[in-house]
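Chemist: These protein sequence lines map, in sequence, to chains A, B, C and D.
First residue of the first sequence: 1, per full-length UniProt numbering; consecutive thereafter.
First residue of the second sequence: 1, per full-length UniProt numbering; consecutive thereafter.
First residue of the third sequence: 1, per full-length UniProt numbering; consecutive thereafter.
First residue of the fourth sequence: 1, per full-length UniProt numbering; consecutive thereafter.
Just so you know, the hints here were simulated from the structure itself, not pulled from any lab data.
Warning: the hint list may mix true and false statements.
Unchecked claim - A short, non-exhaustive set of chain C residues, derived as facing chain A with CB atoms under 8 Å:
#	residue
1	D222
2	W231
3	D255
4	L280
Nothing here was measured: the structure is a model prediction, and the numbers come from that model.
Heads up, the beta-carbon is just placed ideally off N, CA and C, and yes, glycines get one too.
There are 4 protein chains.
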Amino acid sequence: MSDAPRIEALPAGLVNLADFEAAAQARVSAKPWGEAAWAYLNGGAADEITLRANRQAWDDLRLLPRVLRRLDGGHCRVRLLGRELQHPLLLAPIAYQKLFHDDGELAVAHAAAAQSAGLILSAQASVEMERVAAVMRSEPQAGPLWFQLYWRDDREFMQALLQRVEAAGYEALVLTVDAPVHGARDRERRAGFKLPEGIRAVNLGGRKQPLELQPGQSALFDGLLPRAAGWAEVEWLRAHSRLPLLLKGVAHEDDARQALQLGVSGLIVSNHGGRTLDSLPPTAALLPRLRAELGPEAMLLVDGGIRRGSDVLKAMALGANAVLLGRPYVHALAAAGALGVARALRLLRDELEIAMALSGCRTLADAGPQLLWRD
Amino acid sequence: MSDAPRIEALPAGLVNLADFEAAAQARVSAKPWGEAAWAYLNGGAADEITLRANRQAWDDLRLLPRVLRRLDGGHCRVRLLGRELQHPLLLAPIAYQKLFHDDGELAVAHAAAAQSAGLILSAQASVEMERVAAVMRSEPQAGPLWFQLYWRDDREFMQALLQRVEAAGYEALVLTVDAPVHGARDRERRAGFKLPEGIRAVNLGGRKQPLELQPGQSALFDGLLPRAAGWAEVEWLRAHSRLPLLLKGVAHEDDARQALQLGVSGLIVSNHGGRTLDSLPPTAALLPRLRAELGPEAMLLVDGGIRRGSDVLKAMALGANAVLLGRPYVHALAAAGALGVARALRLLRDELEIAMALSGCRTLADAGPQLLWRD
Amino acid sequence: MSDAPRIEALPAGLVNLADFEAAAQARVSAKPWGEAAWAYLNGGAADEITLRANRQAWDDLRLLPRVLRRLDGGHCRVRLLGRELQHPLLLAPIAYQKLFHDDGELAVAHAAAAQSAGLILSAQASVEMERVAAVMRSEPQAGPLWFQLYWRDDREFMQALLQRVEAAGYEALVLTVDAPVHGARDRERRAGFKLPEGIRAVNLGGRKQPLELQPGQSALFDGLLPRAAGWAEVEWLRAHSRLPLLLKGVAHEDDARQALQLGVSGLIVSNHGGRTLDSLPPTAALLPRLRAELGPEAMLLVDGGIRRGSDVLKAMALGANAVLLGRPYVHALAAAGALGVARALRLLRDELEIAMALSGCRTLADAGPQLLWRD
Amino acid sequence: MSDAPRIEALPAGLVNLADFEAAAQARVSAKPWGEAAWAYLNGGAADEITLRANRQAWDDLRLLPRVLRRLDGGHCRVRLLGRELQHPLLLAPIAYQKLFHDDGELAVAHAAAAQSAGLILSAQASVEMERVAAVMRSEPQAGPLWFQLYWRDDREFMQALLQRVEAAGYEALVLTVDAPVHGARDRERRAGFKLPEGIRAVNLGGRKQPLELQPGQSALFDGLLPRAAGWAEVEWLRAHSRLPLLLKGVAHEDDARQALQLGVSGLIVSNHGGRTLDSLPPTAALLPRLRAELGPEAMLLVDGGIRRGSDVLKAMALGANAVLLGRPYVHALAAAGALGVARALRLLRDELEIAMALSGCRTLADAGPQLLWRD
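The whole structure should be built from the sequences, with the hints applied where relevant.
Modeler: Printed below as a string of C-alpha cells:
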C-alpha cells in the first residue's frame, strides 16, 4: 500500500523539540524550494513580535509544585467532545505539508494514530482528506480527527465540502476566523515563497472568482472582505453540518460569548502562530482571560509557542481543555517523517508526565490556577 | 518640465519600511557628504534613548481584535481641518531633502500627491515652496499641504514669510515649539555634518542677527532664548495669518490646554523624533494622556517611530486624528526618488488596511482604546 | 593515611567563585568523561529557565545599608539544631564527586572541617560515608554533618541505611522530596553522560527491583511513582530514626505546614538547583513567602544560585537560618581539591563579613527584611 | 611656577563624556601601571551590579517638558553652604590622581577653578592639599573647595589633619561613612593593582597601627571595625572643627535624620560609585526617598553615574542641591590634563543648559518632581 508509512532513521541527539527544528532545517534546505518553504513555515507577520511573545509568555509562567502526594495510577487523559483521549495533544492545521516531506500529511496521520494524538487536517492539505482519514481509522487508539476550513463565498462549494468531510469520517469542523485576509508575512515574502509544481490544496476544487473592482475601490475592503465569513456564515455552517463546530482565532470575550450562543462547540485560542496580525497578545495571556469570562464549562483549546511538556501543563493550569502543537510537528516530519512526528509526540507527552509528577499532579484535573506561582 | 518626477527603478525586495532604510543607506553613502548626512538624518540627541523608546513603545502595545464582523466597504478615511482624507498619513517636516536625492522635496511632493498623503513642508526645505505647492495642486486627490516654521525674532521677516506661504496655497501652519535651541545630537556632531555647497534653506531669506553677548553671559539664556517663541508669539501668529495654526512638540497637558485656548487648531504630539532633548517620553506614551486630558474634540496628530501599519492603527486607537511619517519617507526618497516614496506610502497604507481587517475595524472610528489589550 | 588531604597548588587569580568555575572547566575537560560530567554538573532541566532565574533573583535584590554603627566584635555565627556554627554555610548534597577529583567527597570533607562549614553528604556519594564522617570528626571546629537520602521502596534497605548513617555519626537526615522522578536534563542527555567505570554510589547496596508494567501502563505513573515517597514515608522515617529530619524541596506553604506538623525539624527551600522541573520559581522568591507563612520559629535553609557573600546576606535577610552552597564547591574541588574548596569557603565567608560590615550588620540577627530595599 | 597648568592638545571628536573615557583609556594604557590603574578607576565591587544600575537609573527617568515659556536671562546657579555657585557641578573626591596624569589633582584644580566647579579633594590625594588650595584661590570665580576624609582611630592625627585642612582654606569637610572596610573590588584585584613608586597619599602622614589579633578573631570584626567611625566620631569631628561637615554615603533615612540632628550640614547621597557593597540601590533611587523623608530644607548632594546634562537636571528634579561628577573628570584628566577636565566640565554644563532650555526651566528652581514623567 502506498499509504503505509515510510520508516526513516531518527537523527541522533534529539532530546527536545528544538532539536527537531535544527534537524529539520538541514533536511528542508536540501530541497529546491527549501529556503523559501522554511521561511513560509517558521516566519510570522511583520516584525514577529507576536511570534516571539508566544514562546516568551509560556517561559515567563512559574509553577508552584506540591510534593509527597501519592501519584500512583495517574494519567494525562482528557475528555473532548464526548471522547476520552489518552493525552491532551492535537496537531494544529498546517497547509501543504508535502513541502517538508514527500509523505506530507499521511506521515503525520500515521504518527498521530500511533501516538493517540488528535489531528486537525488543514483545508489546504496536500493529501486527499480520505487517505488521511483512512490512516487514522486503521488505529483503534487514534485520537480525534477534525477538519479545518476557511470560509469561501460560494455556498454550493461549501456544501459539497462539508458533505465530503462528513463522509470521510471527520468528527468536527474548525473554522479559522482570524485571517479574513493574509497577514503581512515579511520573512516569507522576502524569501519569495510560492508553491512548487505538484504541491497544492488537493481537497479544494472549484475556482476562486477573480476580484472585480471599480477604480478607487480597495482590494481589501471592496474585494476580499465582502467574501469573508461573518456571524451569519457561522450560523450557516451550524445549520448545514451535523458536525460540532469550533472557531479558531477568537480573542475577545464578547466574540467568544456570541460564538457559544450560536451553538459553537468550542474555541481554539490562537493568534495563528503569530502569522496574521503582528501585535496580538500571546495566547498564554488570552487564554486565562477567556476562561475567566466564559466559566468552567466552555471548551477552550490553545495553540502558539507550545514547545515543552511544562508549557502543556501551564496551558492546562490556565484553563485549556487541550493543546495544539503546530510548527514543531512539521519540523519532526521534515526531520524524519512519520517516525519523527511520533517521536516528537512521545517526547512531549513524556515531558508532560514528568512535569505532572514533579509538580504533584496525578491527573490534569489537578492542574488549575493554584499550580501557577504569583509574585 | 524640470519639476516632473524622475522615475527610477525600485530596488528589489522591499517588503517593509525597514527595507527602504537599508536600500537608502547604500545610495546615500555614495554621495560625498553621505556618511555625515546619514548621521544627520538618523541620529538622535545624546544617547538616543528617546529615539529607541519611540519605536519600542509602539512595539509594546498589543491589539485585541474582533472577528467575524462585516467589514465590506470599509475604508481608512479621516477628516482633518474640514477635509476628508483618503488615509491618515502625512509626511512630517524634514529639512534639506536634497541631501538625500537631487529632486529633494519635489520628488516627495509627487509621491504624496499620487498617494493622497498630506505633506508638511519644512521651513528649511531645499526646494522653493511654490514649486512644491504646484506639484501638489496638480493632483486633485492630493492630501493637505501645510507649512512648518520656526519662530524668527524678526516680525517683518515673519510677516513676509506668512504672506508667501498663504499665497503659495498652503493650508495650515505648523509651529515647532520643542526646539528653541538645538539638541545635542552627538551622532551628527561626531560625523561632522555640515550643509554641502548648493543645498540650503531656499525659502528663508534675510539674515540672522549675530548674538551680542556681554562677558559672563550665557549664549543660551542671554543670546538664543530671548529670541525664541513664547505664548505671545503664538498669539501674534494667530493674529497675522488666516491659516489654521498647529503646534508641534507640546508634551504637557497644561501647555496643550493653553494652546487650544489661544485658538490653536491642533497639536502634533512629538518629541522631534528623539532629536532634541534625550529622555523625553515616547510619543505613544504622551498621546493617550493628552487625549484623556483634552477630550475627544481636540485635534491631535502624532509622530515618532511609526514604521508599521499596526503602529498607525495603535496611534489611532490611542486617540490620534492622523499620523506623521518622518525618517522612513526620506529613506524611500534616497532609495528610489518619487517612486520610492510613493511605494513606501502605499506599503504603509496597505499594512494599515490589513491591520484594520485583521482586528475587525471597518473604519478608523472603530479604533478606540478598547482595541488595545491591557494586561 | 590514605584519607589525608592531597595538597595542590591553587590556580592564580581566583578572586571570586566564578573564577573557580573557569579554573574547574579546564581541569575537568582533561578527564576522559570530562565534557559529559561537566554537563551533568552544570546543566539544569529543559531550557534552564529556573537555573538562570536562581542567580538572577539574588542579583535583583537590593540592600539598604546602615552606617556609623559600632560593629566591634561582630560575627556571622548562627544556631542550627542546637549547635552554634561559625557561619551559616553548608555544602549541599551532590552526587559522585569523584567525577571531578580523585579525592571526591573526602577532599570536600577536609575543606569543610577546616573551614567549619556544614556538610550534607549525598546518598549517592562516591566515597564511603564512614570515611567522610571520620574526616569531619577529626576537626573539633567542624560544622554539622548531615546525610541526604532519597526514599527507596524497600523498608529493610531503608532501615539498614538509617542505622549505618546513625552509627557513622551523622547528625541529621535530609530527605529530598522534589525529585520522585528524574527531570528532563537536556544538556546532560545531549552530552550522553553516564557514570564511568569505578565511580558509583558506594553507600547504596542492594538491588533496585526492575519495573514490571502491563501493556499500556505508564512507566511513570504505574512504575516509578508508586515507589516514591509520600507523607506516610516521611512519618516512617520519623519513627525509624532518632535523627532530626529535614525535607529538601518543599515549595508550597501547605506542604511546609504539613511537614512541620509531622515533626520534621526543618526545610531546605530548594528547586534542586534548577535540575528537576524547569519553571519552578527561584528560591529567593520562595523563601520569603515560606518564612511569612510559617513564622519566625520554623527552620528554613535555602540553596540555589548563591555565589556571593551578599547573596548569603540577602538570604538571611529573607528569612533563612543558613545557606547551602552547591555547584561552586564542586568547581573548587575540581580546580584544586581540598585546598580549593577551603579557599572557596573562606572567600565566600570573607565576602559575607564584608557585606555585613558595609551594610551595618554586627551579627546575622541584624539581617532582616528591613535590610532589603523596596522600590 | 611648577603649579601652572600644562596645556595639552585636546583629542579630536570629543562630543560627550563617553568620548573622554575612550580617549583616556588609550593614554592610560601607555603607562607602566596603566591596565591595573584603569581597573582600579573604573571597576566596581563584585559583579558591578550597582555600578551599572547607577547609570541605568538616570537613563530610565523621563522628563516631561514645558514649552513656550520665556527663559530669557535664565541660569543654572545654585546656593550651597551660603555661597552662590555658577552651576551645580562639583568634582567628587578620587584618590591618587597622579596615576592618570603627572599633574594629578593640580590639573583638576586648575580646571575646576576655570570652570567655577566645586572641588572635593580626597584625603588620599597625591598632591599636597595646600598646592591644590592655592590654585583654587587664584581664581576669583572658583567654586567651593572641600576636603574629604576617612576616620582614623588616632585623635591626635585627626586633630592635626583638621587644623591643616582649615589652615589651607578648605571650606567644608566631607566624611565618607560607607566604607568602614574595603569592598571586594574584583576587577581591581584581578588586575593586581598596587600603587606605583612615587604616588602616594602625601597629605596623610603618621603610621597606621598594625592589627593585633588573637587566634580565632576576625580581622574585620575584631581588627578593622573597632577603628571605624561611629556616631561618636561624627560628634567629635563636629566639636573639633569649625568647618561645616557633610557625610558621604548615607542611604537610610534614619541615619540621615540622626546626622542632621547631630549638626551635620548636608549629605552626599552616594553608593561610592558602586565600589563598596555591590547590590546597593542606584543613587537615583535613594535620592528622592531621602528628599521625601527629610523635607525641602535638608542639603542633599548626589553622585553616581552622572554622565549627561540631562542626568544633572534629573538629579535636581529629584531633589538634589548639587551634583558630584566622579570618574568622568578623571577620564578627562587622563585624556588631556587640565584642559581636558575644563572641557568636560564645560561640555556637561552646556548639556545642562540645553536640557533646561528644552524642558522649559529658566532656573534650577523650576526643576522639581513635576518635571519627571510618571507612567
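Chemist: Next step is simple, just say for each hint if it's right about the structure.
Modeler: Going down the list of hints, with the structure as the test:
1. Here the hint on D222(C) is kept, as its CB sits about 6 Å from the closest CB of chain A, short of 8 Å.
2. Annotation: interface hint on W231(C) holds; nearest CB of chain A at approximately 5 Å, less than 8 Å.
3. With a least beta-carbon distance of about 5 Å to chain A, the hint placing D255(C) at the interface is held under the 8 Å criterion.
4. Checking L280(C) against chain A: minimum C-beta separation of about 6 Å stays under 8 Å; hint holds.
Of the hints listed earlier, there is not a single one the structure fails to meet.
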